[in-house]
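Colleague: What follows is each chain in one-letter form.
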Amino acid sequence: MIKVEGLTKRYARTVAVDNISFEVEKGQIVGFLGPNGAGKTTTMRVLTCFLPPSEGKASVAGFDVLENPMEVKKRIGYLPETPPLYPEMEVVEYLNFVGKLKGIESKELRARVDEIMRRCAVFDVRNKLISKLSKGYRQRVGLAQALLHYPDVLILDEPTSGLDPKQIIETRELIHSLAGDHTIILSTHILSEVEHSCERVIIISQGKLVATDSVANLTNRLRGSEAVAVELEAEDGRPNPSDVQRRLEQVSGVSRVVMKDSRNGRLAFEVESLQGRQIRSDLARAVVNAGWNLNELRSVGLSLEDIFLQLTASEQKELQPVGAQS
Amino acid sequence: MRAAFLICQKELKSYFASPIAYLLMAFFGLIFGFGMFTATRDFVRFSFQMQMQGGQAPMNINQQIIGPLLSFGSTITLFLVPMITMRLFAEEKKSGTIELLLTSPVTDLQIIVGKWLGAMLLYLCILVMSVINVALLFAWGKPDIRPVLVAYLGLILQAGCLLAIGEFISTLTRNQIIAGGVTFFVCLLLWLLNWMTSFDTGPLFSVINYISIVTHFDNFSKGVIESKDIIFYCSMIFFALFITSRSMESLRWRS
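If you read the protein sequences in the order shown, they are chains D and H.
Going by my numbering, the first residue of the first sequence is number 1, and it counts up by one from there.
Going by my numbering, the first residue of the second sequence is number 1, and it counts up by one from there.
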């Protein structure tokens with residue numbers, strides 16, 4: 001549905017997006033992840049025909065953004081970072097204007113606007129001036145605006161920024177319910193958001209593509225070894241932490257033991273296994289056989305947060321010498 | 001064309017949703033009314049004098065009131081235009097709504113023409129304020145209507161040029177004050193050019209005089225339609241809207 005090949009966007013002095021390629025299948029929800037200033041918004045702006053690419057190609061539904069912008073624009077719903085609202089208009093008035101702008105037939109328009117307002121939960125403020133709305137409502141009116149013409153592709157730039165937790169959940173659910181009919185790209189710098197709502201994730205950092213994969217695959221790929229959190233009960237300095245550490249290290253398949261905490265009568269360790277080894281049962285046996293009390297034993301999957309930090313950190317290491325030279 | 005009308009309608013609505021439209025109408029109505037008052041007072045005084053002296057000098061409302069009055073109106077226009085055009089693009093750029101327009105299936109040209117039409121319609125609404133004054137003259141005098149219509153046509157064409165130039169300037173910045181200030185400066189410059197060159201003759205001055213938008217209004221105010229003036233205004237409008245579209249294009253490439 002969306003195809004980006006070797007996309008580069010240069011501004012006067014900086015390269016915002018550097019040779020990015022990816023594809024998005026129909027009906028997928030893709031998270032576009034990166035720290036602030038990574039080039040997320042720029043890439044989205046290219047896809048929506050707001051900015052032309054400096055190099056490379058981008059196409060939506062088979063139409064190139066440079067050669068056929070009109071066809072692309074018809075198929076895209078875009079919610080920019082700040083919702084593009086006219087404060088002097090009422091919500092209904094605004095949505096009617098956008099509907100006409102997007103070329104919806106006037107006899108369909110009324111029913112469509114009503115439906116979208118209900119779906120985005122802005123029906124109860126339909127006759128309010130947009131300037132009087134709170135941030136959460138504005139964001140949802142912005143989302144309504146993007147959905148209005150049933151676009152094939154939805155491009156949402158930080159759709160949940162500035163919302164309260166309840167609204168964030170509602171918005172996520174709304175976005176989820178849209179998948180299937182629409183292909184969705186949403187950008188965010190909040191990782192849990194991607195974990196919750198996206199099937200695939202595209203990570204960019206400093207304009208470069210760092211990784212693109214499904215959320216599950218990415219976790220697996222980066223997890224060289226299994227990590228297990230082990231917690232023991234401790235009283236009056238017994239058992240001795242270093243004893244425990246030594247004992248855990250002796251378990252076969254363990255590559256590393258890190259002490260995490262030794263306060264409030266508990267000893268917490270994080271144990272990493274060698275690749276592909278199941279060590280949880282051996283660890284439990286070792287602790288119990290030594291006569292210690294085992295409080296907790298659980299496997300810690302790497303969170304997306306860790307992955308992200310690992311990926312972008314390694315990226316930064318590579319880039320640093322270059323920066324130092326210039 | 002539908003999209004252009006849609007944008008025109010939206011512009012007009014937002015002018016009237018804010019105090020700006022009413023303010024400009026009141027401002028114009030007041031100053032034009034003052035001009036009307038002085039012009040008629042002088043006219044009446046002059047005609048009394050003529051009668052006292054027993055002479056029968058031809059007194060002509062068209063030449064002595066309406067012509068100068070509408071020229072005065074064209075001068076006021078120079079002050080109104082920046083206030084009309086400054087927000088056209090600067091506001092959309094500042095608030096981010098330009099992203100909505102530029103990612104919707106409408107062409108740049110439709111946006112530009114729509115906004116220009118919106119500004120023109122607001123100007124027409126402002127101009128209607130002056131019709132009240134002129135109508136009074138028709139109620140108590142017998143002026144010829146044709147030169148009046150010609151002068152109004154001139155005002156509209158002149159405003160069309162200035163509004164198109166103002167629209168162009170508004171695409172260059174996201175700051176409304178700068179857009180308004182620069183437009184005001186350009187309008188003032190055009191006015192000064194006309195004033196400056198009216199004392200001098202020579203090839204350079206006649207060129208400058210020809211470029212000055214205000215100069216071409218003189219014929220209209222006298223009730224004369226010359227094709228060169230109409231062609232000048234129309235090509236000027238076309239040119240200004242064209243560079244506006246170029247500026248929008250470069251906006252995408254630069255930004």
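FYI, nobody ran anything at the bench for these hints, they're computed from the structure.
One thing to keep in mind: the hints can contain errors.
As the list claims (entries may be wrong) - With a straight-line Cα cutoff of 25 Å, these simulated PhoX-like cross-link-like pairs (lysine-lysine) come out:
no.	chain 1	residue 1	chain 2	residue 2
1	D	Lys57	D	Lys74
2	D	Lys128	H	Lys13
3	D	Lys26	D	Lys3
4	D	Lys132	H	Lys94
5	D	Lys107	D	Lys128
6	D	Lys128	H	Lys93
7	D	Lys26	D	Lys57
8	D	Lys100	H	Lys222
9	H	Lys222	D	Lys132
10	D	Lys135	H	Lys94
11	H	Lys93	D	Lys135
Unchecked claim - Label-pair distances were calculated between CB atoms; the ranges are:
no.	chain 1	residue 1	chain 2	residue 2	range
12	D	Pro52	H	Phe238	52 to 60 Å
13	D	Pro165	H	Phe185	47 to 55 Å
14	D	Leu109	H	Ile20	26 to 34 Å
15	D	Ile190	H	Ser235	53 to 61 Å
16	D	Leu66	H	Phe5	26 to 34 Å
17	H	Ser235	D	Pro165	53 to 61 Å
18	D	Pro52	H	Ser206	42 to 50 Å
Remember, predicted model here, so these are calculated numbers, not experimental data.
No residue lacks a Cβ here, since even glycine has one placed at the ideal position from N, Cα and C.
Colleague: When the structure is checked against the list of hints, which entries are broken? Sort them ascending.
Modeller: Violated: hints 8, 9 and 12.
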